[in-house]
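Undergrad: Sequence:
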Amino acid sequence: MTRSLLLCAHGPQSTRGRAALAGLVNAVRREAHDLDVMDAYVDLQEPSIVSTVEATSGPRALVPLMLAYDRSVSVDIVRASHLDPSVTVTPPLGPDWVLAEVGVRRLFEAGARSNDTIVLAADTTTDERALADVAKAARLLSAVWGGRVHVGALGGPDTALVEAVDVARAYGHRVVVSSYLLTAGTAHDAMRECGADVVTDPLLDNNPPDQRLVSLVMARARGEGANTNDLTKASWN
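So the sequence shown is numbered by the numbering used here: it starts at 936 and just counts up by one.
By construction, these hints were calculated from the structure, which means they are not laboratory data. Any given hint could turn out to be false.
[Said to hold, decoys possible] Pairwise CB distance ranges (calculated):
#1 Tyr1106 - Leu1018: 16 to 26 angstroms
#2 Gly1107 - Glu989: 54 to 64 angstroms
#3 His1108 - Arg1074: 29 to 39 angstroms
#4 Asn1141 - Arg965: 13 to 23 angstroms
#5 Arg965 - Arg1048: 15 to 25 angstroms
#6 Gly1082 - Asn1141: 42 to 52 angstroms
#7 Glu1128 - Ser992: 43 to 53 angstroms
#8 Asn961 - Arg1040: 28 to 38 angstroms
#9 Pro1020 - Ala1105: 45 to 55 angstroms
#10 Glu1098 - His968: 46 to 56 angstroms
#11 Gly1046 - Glu989: 45 to 55 angstroms
#12 Ala1078 - Asp1101: 21 to 31 angstroms
Owing to the predicted nature of the structure, the values given are computational and were not obtained by experimental measurement. Glycine included, C-beta positions come from ideal geometry on N, C-alpha and C.
Based on the sequences and whatever the hints tell you, model everything.
TA: This is the structure we're talking about:
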(Lines of atoms letter the chains of each structure in order from A and count residues from 1; the text may use other names and numbers.)
(Lines give C-alpha, C1' and ligand atoms only; values in the text may rest on other atoms or scores of the structure.)
Protein backbone atom coordinates (compact mmCIF):
# COMPACT_ATOMS: atom_id res chain seq x y z
CA MET A 1 0.00 0.00 0.00
CA THR A 2 1.34 3.43 -0.96
CA ARG A 3 1.95 5.77 1.95
CA SER A 4 1.07 9.42 1.50
CA LEU A 5 2.81 12.52 2.76
CA LEU A 6 0.56 15.55 3.24
CA LEU A 7 2.42 18.83 3.54
CA CYS A 8 0.12 21.34 5.23
CA ALA A 9 0.88 25.06 5.09
CA HIS A 10 -0.60 28.52 5.16
CA GLY A 11 -1.44 29.54 1.61
CA PRO A 12 1.25 32.07 0.63
CA GLN A 13 -0.20 35.48 -0.18
CA SER A 14 2.26 36.38 -2.92
CA THR A 15 3.10 34.78 -6.25
CA ARG A 16 6.71 34.65 -5.15
CA GLY A 17 5.75 32.91 -1.92
CA ARG A 18 3.61 30.34 -3.73
CA ALA A 19 6.43 29.58 -6.14
CA ALA A 20 8.89 29.15 -3.28
CA LEU A 21 6.59 26.82 -1.37
CA ALA A 22 5.90 24.81 -4.54
CA GLY A 23 9.66 24.48 -4.94
CA LEU A 24 9.92 22.91 -1.50
CA VAL A 25 7.02 20.52 -2.15
CA ASN A 26 8.54 19.45 -5.47
CA ALA A 27 11.95 18.96 -3.89
CA VAL A 28 10.41 16.74 -1.20
CA ARG A 29 8.52 14.85 -3.91
CA ARG A 30 11.80 14.10 -5.70
CA GLU A 31 13.36 12.94 -2.44
CA ALA A 32 10.46 10.81 -1.23
CA HIS A 33 10.40 8.14 -3.92
CA ASP A 34 8.29 5.77 -1.82
CA LEU A 35 5.68 8.35 -0.78
CA ASP A 36 2.82 10.03 -2.59
CA VAL A 37 3.49 13.69 -1.72
CA MET A 38 0.62 16.21 -1.73
CA ASP A 39 0.36 19.81 -0.61
CA ALA A 40 -2.66 21.11 1.31
CA TYR A 41 -3.56 24.41 2.96
CA VAL A 42 -5.32 25.81 5.99
CA ASP A 43 -6.19 29.12 4.30
CA LEU A 44 -5.94 31.27 1.16
CA GLN A 45 -5.20 28.41 -1.23
CA GLU A 46 -6.65 25.09 -2.37
CA PRO A 47 -6.84 22.20 -1.80
CA SER A 48 -7.80 22.45 1.86
CA ILE A 49 -6.38 19.98 4.32
CA VAL A 50 -9.87 18.59 4.94
CA SER A 51 -10.56 17.93 1.26
CA THR A 52 -7.12 16.36 0.85
CA VAL A 53 -7.69 13.96 3.72
CA GLU A 54 -11.13 13.11 2.36
CA ALA A 55 -9.73 12.45 -1.13
CA THR A 56 -6.97 10.10 0.03
CA SER A 57 -6.76 6.80 1.84
CA GLY A 58 -4.27 4.54 3.55
CA PRO A 59 -1.45 5.55 5.90
CA ARG A 60 -0.77 9.28 5.71
CA ALA A 61 1.79 11.41 7.51
CA LEU A 62 0.64 15.01 7.84
CA VAL A 63 3.56 17.42 8.29
CA PRO A 64 2.61 20.98 9.36
CA LEU A 65 4.95 23.34 7.52
CA MET A 66 4.75 25.77 10.43
CA LEU A 67 7.59 27.54 12.24
CA ALA A 68 5.77 28.09 15.53
CA TYR A 69 2.59 27.01 17.26
CA ASP A 70 -0.66 28.47 15.95
CA ARG A 71 -3.73 27.33 17.85
CA SER A 72 -6.26 27.99 15.09
CA VAL A 73 -4.14 26.08 12.57
CA SER A 74 -3.59 23.30 15.09
CA VAL A 75 -7.33 22.88 15.59
CA ASP A 76 -7.89 22.75 11.81
CA ILE A 77 -5.26 20.04 11.48
CA VAL A 78 -6.72 18.07 14.39
CA ARG A 79 -10.19 18.20 12.87
CA ALA A 80 -8.87 17.03 9.51
CA SER A 81 -6.94 14.17 11.09
CA HIS A 82 -10.07 13.02 12.94
CA LEU A 83 -11.64 12.20 9.59
CA ASP A 84 -9.47 9.07 9.32
CA PRO A 85 -7.45 7.24 12.01
CA SER A 86 -4.84 6.39 9.35
CA VAL A 87 -3.69 10.03 9.39
CA THR A 88 -0.72 10.68 11.68
CA VAL A 89 0.23 14.26 12.51
CA THR A 90 3.94 14.87 12.94
CA PRO A 91 5.63 17.68 14.85
CA PRO A 92 5.82 20.94 12.84
CA LEU A 93 9.01 22.16 11.18
CA GLY A 94 9.94 24.66 13.86
CA PRO A 95 11.56 25.56 15.99
CA ASP A 96 14.57 23.47 14.97
CA TRP A 97 18.34 23.69 14.62
CA VAL A 98 18.00 23.33 10.85
CA LEU A 99 15.91 26.49 10.64
CA ALA A 100 18.56 28.32 12.68
CA GLU A 101 21.28 27.14 10.30
CA VAL A 102 19.33 28.31 7.28
CA GLY A 103 18.56 31.56 9.11
CA VAL A 104 22.28 32.19 9.58
CA ARG A 105 22.84 31.45 5.90
CA ARG A 106 20.27 34.15 5.11
CA LEU A 107 22.09 36.54 7.45
CA PHE A 108 25.37 36.00 5.60
CA GLU A 109 23.64 36.36 2.24
CA ALA A 110 22.19 39.69 3.41
CA GLY A 111 25.65 40.95 4.37
CA ALA A 112 25.28 40.72 8.17
CA ARG A 113 28.48 41.36 10.11
CA SER A 114 29.66 40.03 13.47
CA ASN A 115 29.11 43.36 15.24
CA ASP A 116 25.56 43.83 13.94
CA THR A 117 22.65 43.62 16.37
CA ILE A 118 20.34 40.80 15.30
CA VAL A 119 16.56 40.78 15.79
CA LEU A 120 14.63 37.62 14.97
CA ALA A 121 11.30 38.75 13.51
CA ALA A 122 8.23 36.52 13.72
CA ASP A 123 4.75 36.89 12.31
CA THR A 124 1.90 37.52 14.75
CA THR A 125 2.22 35.35 17.85
CA THR A 126 -1.05 34.04 19.24
CA ASP A 127 -0.42 32.77 22.78
CA GLU A 128 2.14 31.57 25.32
CA ARG A 129 2.99 28.45 23.32
CA ALA A 130 3.75 30.55 20.25
CA LEU A 131 5.87 32.90 22.37
CA ALA A 132 7.85 29.94 23.69
CA ASP A 133 8.44 28.59 20.19
CA VAL A 134 9.67 31.94 18.87
CA ALA A 135 11.90 32.41 21.93
CA LYS A 136 13.41 28.98 21.32
CA ALA A 137 13.96 29.85 17.66
CA ALA A 138 15.87 32.96 18.77
CA ARG A 139 18.03 30.92 21.17
CA LEU A 140 18.88 28.45 18.43
CA LEU A 141 19.70 31.26 15.99
CA SER A 142 21.87 32.90 18.66
CA ALA A 143 23.79 29.68 19.23
CA VAL A 144 24.48 29.16 15.53
CA TRP A 145 25.22 32.84 14.84
CA GLY A 146 27.43 33.15 17.90
CA GLY A 147 25.92 36.31 19.33
CA ARG A 148 22.89 37.73 21.06
CA VAL A 149 19.57 37.71 19.21
CA HIS A 150 16.61 39.91 20.18
CA VAL A 151 12.99 39.05 19.38
CA GLY A 152 10.17 41.04 17.82
CA ALA A 153 6.81 40.12 16.31
CA LEU A 154 4.36 41.76 13.96
CA GLY A 155 1.50 41.27 16.41
CA GLY A 156 0.36 39.49 19.54
CA PRO A 157 1.68 39.56 23.10
CA ASP A 158 5.38 39.52 22.15
CA THR A 159 7.46 42.70 21.80
CA ALA A 160 6.39 44.59 18.70
CA LEU A 161 9.01 44.37 15.97
CA VAL A 162 9.31 48.15 15.61
CA GLU A 163 9.95 48.44 19.36
CA ALA A 164 12.48 45.59 19.28
CA VAL A 165 14.38 47.36 16.49
CA ASP A 166 14.35 50.62 18.50
CA VAL A 167 15.77 48.82 21.54
CA ALA A 168 18.42 47.17 19.36
CA ARG A 169 19.53 50.64 18.21
CA ALA A 170 20.76 51.31 21.74
CA TYR A 171 23.72 49.01 21.11
CA GLY A 172 25.09 51.52 18.61
CA HIS A 173 25.47 49.10 15.70
CA ARG A 174 23.56 48.26 12.56
CA VAL A 175 20.30 46.40 13.18
CA VAL A 176 19.70 43.32 11.06
CA VAL A 177 16.32 41.58 11.09
CA SER A 178 16.34 37.83 10.61
CA SER A 179 12.98 36.99 9.03
CA TYR A 180 11.50 33.94 10.77
CA LEU A 181 9.11 33.29 7.89
CA LEU A 182 8.80 30.40 5.48
CA THR A 183 7.84 32.47 2.41
CA ALA A 184 7.53 36.03 1.17
CA GLY A 185 4.24 37.91 1.49
CA THR A 186 2.63 40.77 3.39
CA ALA A 187 4.36 39.76 6.64
CA HIS A 188 7.77 40.03 5.01
CA ASP A 189 6.79 43.33 3.40
CA ALA A 190 5.89 44.64 6.88
CA MET A 191 9.25 43.49 8.23
CA ARG A 192 10.98 45.53 5.55
CA GLU A 193 9.22 48.62 6.91
CA CYS A 194 10.27 48.12 10.55
CA GLY A 195 13.22 50.52 10.42
CA ALA A 196 16.05 47.98 10.42
CA ASP A 197 19.16 48.54 8.34
CA VAL A 198 18.95 45.08 6.76
CA VAL A 199 16.12 42.53 6.53
CA THR A 200 16.91 38.98 5.42
CA ASP A 201 14.93 36.93 2.92
CA PRO A 202 12.54 34.28 4.28
CA LEU A 203 13.74 30.68 4.70
CA LEU A 204 12.39 29.93 1.22
CA ASP A 205 13.31 32.36 -1.55
CA ASN A 206 13.38 32.32 -5.35
CA ASN A 207 16.25 29.85 -5.41
CA PRO A 208 15.96 26.06 -5.05
CA PRO A 209 15.18 25.24 -1.40
CA ASP A 210 18.08 24.59 0.93
CA GLN A 211 18.60 20.82 1.03
CA ARG A 212 18.57 20.99 4.82
CA LEU A 213 14.92 22.11 4.70
CA VAL A 214 14.05 19.18 2.45
CA SER A 215 15.82 16.80 4.82
CA LEU A 216 13.98 18.32 7.79
CA VAL A 217 10.61 17.69 6.14
CA MET A 218 11.65 14.11 5.40
CA ALA A 219 12.82 13.63 8.98
CA ARG A 220 9.44 14.79 10.25
CA ALA A 221 7.65 12.50 7.80
CA ARG A 222 9.63 9.41 8.77
CA GLY A 223 9.80 10.12 12.50
CA GLU A 224 7.34 9.25 15.20
CA GLY A 225 4.43 11.65 15.00
CA ALA A 226 1.54 12.33 17.32
CA ASN A 227 -1.74 10.70 16.28
CA THR A 228 -4.10 13.51 17.25
CA ASN A 229 -7.08 11.72 18.75
CA ASP A 230 -8.08 14.58 21.00
CA LEU A 231 -7.69 18.32 21.22
CA THR A 232 -5.15 18.05 24.03
CA LYS A 233 -2.70 16.93 21.33
CA ALA A 234 -3.42 19.95 19.16
CA SER A 235 -0.05 21.33 20.24
CA TRP A 236 1.61 18.87 17.85
CA ASN A 237 3.53 17.61 20.89
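Undergrad: Confirm or reject each hint.
TA: Here is how each hint holds up against the structure:
1. At roughly 51 angstroms, the beta-carbon separation of Tyr1106 and Leu1018 lies outside the given 16 to 26 angstroms, and the hint is violated.
2. A hinted range of 54 to 64 angstroms holds for the C-beta pair Gly1107 and Glu989, which are about 57 angstroms apart.
3. Between His1108 and Arg1074, the C-beta spacing of about 21 angstroms breaks the proposed range 29 to 39 angstroms.
4. Separated by about 18 angstroms at the C-beta atoms, Asn1141 and Arg965 satisfy the suggested range of 13 to 23 angstroms.
5. Distance hint for Arg965 and Arg1048: a CB-CB separation of about 36 angstroms, inconsistent with the stated range 15 to 25 angstroms.
6. For Gly1082 paired with Asn1141, a C-beta distance near 28 angstroms fails the hint of 42 to 52 angstroms.
7. Checked against the hint of 43 to 53 angstroms, the C-beta distance between Glu1128 and Ser992 comes to roughly 46 angstroms, which is consistent with it.
8. For Asn961 and Arg1040, the hinted distance range of 28 to 38 angstroms is not satisfied, since their beta carbons lie about 21 angstroms from each other.
9. As the Cβ distance of Pro1020 to Ala1105 is approximately 54 angstroms, the hint placing it in 45 to 55 angstroms holds.
10. Checked against the given bound of 46 to 56 angstroms, the beta carbons of Glu1098 and His968, roughly 48 angstroms apart, stay inside it.
11. Distance hint check: the CB atoms of Gly1046 and Glu989 are about 47 angstroms apart, consistent with the given range 45 to 55 angstroms.
12. A beta carbon spacing of about 25 angstroms between Ala1078 and Asp1101 agrees with the range 21 to 31 angstroms that was offered as a hint.
When each numbered hint is compared with the structure, violations occur for hints 1, 3, 5, 6 and 8.
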